[in-house]
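> Listed here are the chains, written in short residue letters.
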Amino acid sequence: MSDEQLRTAYARATAARRAADRAACPGPEALQAAVRREGPEERRLATLDHALGCAACREEFELLRAIEASRRAETGEEVRWIRSHRSLAIALAASLLVAVAVGPGREWLGAPARDVARGERGGIAALLPADGSAMDAGAPLLFVWRPVPGAARYTLEVLTPDGVVRASTATTDTLATLEADALAPGDYRWMVRATTSAGERRSPARRLLLRGAPDA
Amino acid sequence: MQSPLPSTDSLSAALEALLGRFAAMVRSVGARHGLADADIDEIVQELRIRLWRAGHSGEQIGLLGASYVYRAATSAALDLIRRRRARGGARTESVDDHAEELEAEGSAADAIAREELERHVVAALDALPLSRRTVVRLYLSGYEREEIAELLGWSEAKTRNLMYRGLADLRARLTEMGVAWGDR
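Those protein sequences? They're chains A and B, same order as listed. For the first sequence, numbering that gives the first Met the number 0 begins at 0 and goes up steadily by one. For the second sequence, numbering that gives the first Met the number 0 begins at 0 and goes up steadily by one.
Among these hints, one or two may not hold up.
To be verified - Derived DEER-like restraints, expressed as beta-carbon distance ranges:
(1) D20/A <-> D40/B: 26 to 36 Å
(2) E41/A <-> R164/B: 11 to 21 Å
(3) G87/B <-> G137/A: 43 to 53 Å
(4) R81/B <-> G162/A: 55 to 65 Å
(5) E114/B <-> T171/A: 49 to 59 Å
(6) P184/A <-> R86/B: 54 to 64 Å
(7) A171/B <-> R17/A: 22 to 32 Å
(8) T154/A <-> A171/B: 48 to 58 Å
(9) G87/B <-> E199/A: 57 to 67 Å
(10) R17/A <-> E175/B: 26 to 36 Å
(11) R42/A <-> G87/B: 21 to 31 Å
(12) G149/A <-> R164/B: 43 to 53 Å
(13) A133/A <-> R164/B: 21 to 31 Å
(14) G26/A <-> A30/B: 24 to 34 Å
Quick caveat, the hints were computed from the structure, so don't treat them as lab data. Since we're looking at a predicted model, the values are computed, not measured. For each residue, glycine too, the CB sits at the ideal point set by N, CA and C.
Using the sequences and the hints given, assemble the complete structure.
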């Protein structure tokens with residue numbers, strides 16, 4: 000048996016486990032605590048162990064987990080798996096840009112002080128792609144950074160190591176995409192400049208390596 | 000006494016933009032693990048009502064922070080779960096409705112063999128220590144290692160260690176049960 004067959008067998012087995020009586024299931028608050036990593040680890044593990052093996056709890060867990068993971072991504076808390084999951088990042092960028100294009104709401108990420116507490120002092124905290132990321136060229140690139148209070152505009156720049164700007168775009172949002180053909184494979188640095196009434200603030204330069212497409 | 004509901008075009012546009020962004024984000028994150036659109040739609044509708052009733056202006060809606068919106072969404076999701084449990088129902092489309100896609104063609108003997116394998120997998124999993132079992136369940140449910148580390152609050156090294164040990168235990172137990180292990 001392969002890992003894939005094991006996963007299939009597990010999916011079938013858990014799909015069949017749907018408790019008619021939910022008395023033994025953890026409550027919604029326990030599921031939420033597990034999703035938010037609150038409370039003793041032993042209890043969280045027990046909650047997750049049940050939720051992942053119970054089809055009814057799994058649905059509830061996925062709903063709460065998706066909201067929490069989205070919240071953490073939006074508020075800039077560490078979400079390492081999103082950083083590493085390129086296909087998701089691209090899908091997310093496309094869907095977010097569509098949503099933003101619908102109307103106002105560009106301040107969505109910008110309100111509570113708690114949301115902007117982290118990041119480089121006096122600068123901009125760049126979130127995605129992570130510093131030193133290696134990605135395949137030939138696909139849209141998503142860039143995300145933390146909001147700067149009072150910023151009227153952000154300018155994203157992608158430069159060569161010797162400082163030549165290869166791509167640039169301006170936005171009022173805290174994310175931007177570059178088209179698939181915007182950059183050739185190579186070694187780049189990227190940074191964001193925020194224009195505020197008090198002047199300009201910028202993120203540290205982050206390294207981005209674009210790999211050439213494999214031969215067909 | 001409830002405050003009068005705001006009803007300007009700008010409010011409506013701001014609200015829909017905010018909800019559109021929220022839905023797109025949650026949908027993107029949840030889709031990988033089978034979160035149903037129906038669930039997201041239900042939360043969005045609940046969120047729409049809550050924000051509308053809060054009496055924000057269009058400008059205020061546009062300035063709402065992510066923390067506020069997600070707090071309201073989490074509260075709406077918990078209420079939804081409580082309501083469903085209270086009426087003993089589930090959502091209209093299940094994560095595990097996708098299990099139907101897993102149904103394979105085959106003879107009755109194949110079906111019996113599959114069911115036996117499923118029983119072995121469940122039994123072998125249940126015998127693992129809790130920490131290994133949880134991480135293996137997450138792996139078998141399609142979570143990537145970094146997602147698991149994030150969810151459990153573990154370092155990647157600890158996650159990798161427990162996952163590999165757990166999977167090794169699981170394979171060993173399945174082998175003892177007579178399940179042949181290999182690439183195919």
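> The structure should be examined with respect to each hint, and the outcome stated for every one.
Checked hints:
1. D20/A <-> D40/B: 26 to 36 Å: Given a distance of about 28 Å, which is inside 26 to 36 Å, the answer is holds.
2. E41/A <-> R164/B: 11 to 21 Å: For E41/A and R164/B the Cβ distance comes to about 18 Å; the hint holds.
3. G87/B <-> G137/A: 43 to 53 Å: Given about 51 Å between the Cβ atoms, the range holds.
4. R81/B <-> G162/A: 55 to 65 Å: holds, 57 Å
5. E114/B <-> T171/A: 49 to 59 Å: holds, 57 Å
6. P184/A <-> R86/B: 54 to 64 Å: holds, 56 Å
7. A171/B <-> R17/A: 22 to 32 Å: Given a distance of about 29 Å, which is inside 22 to 32 Å, the answer is holds.
8. T154/A <-> A171/B: 48 to 58 Å: holds, 56 Å
9. G87/B <-> E199/A: 57 to 67 Å: holds, 58 Å
10. R17/A <-> E175/B: 26 to 36 Å: holds, 29 Å
11. R42/A <-> G87/B: 21 to 31 Å: At roughly 26 Å between Cβ atoms, G87/B and R42/A fall inside 21 to 31 Å, so the hint holds.
12. G149/A <-> R164/B: 43 to 53 Å: holds, 51 Å
13. A133/A <-> R164/B: 21 to 31 Å: holds, 29 Å
14. G26/A <-> A30/B: 24 to 34 Å: holds, 26 Å
Of the numbered hints stated above, none is contradicted by the structure.
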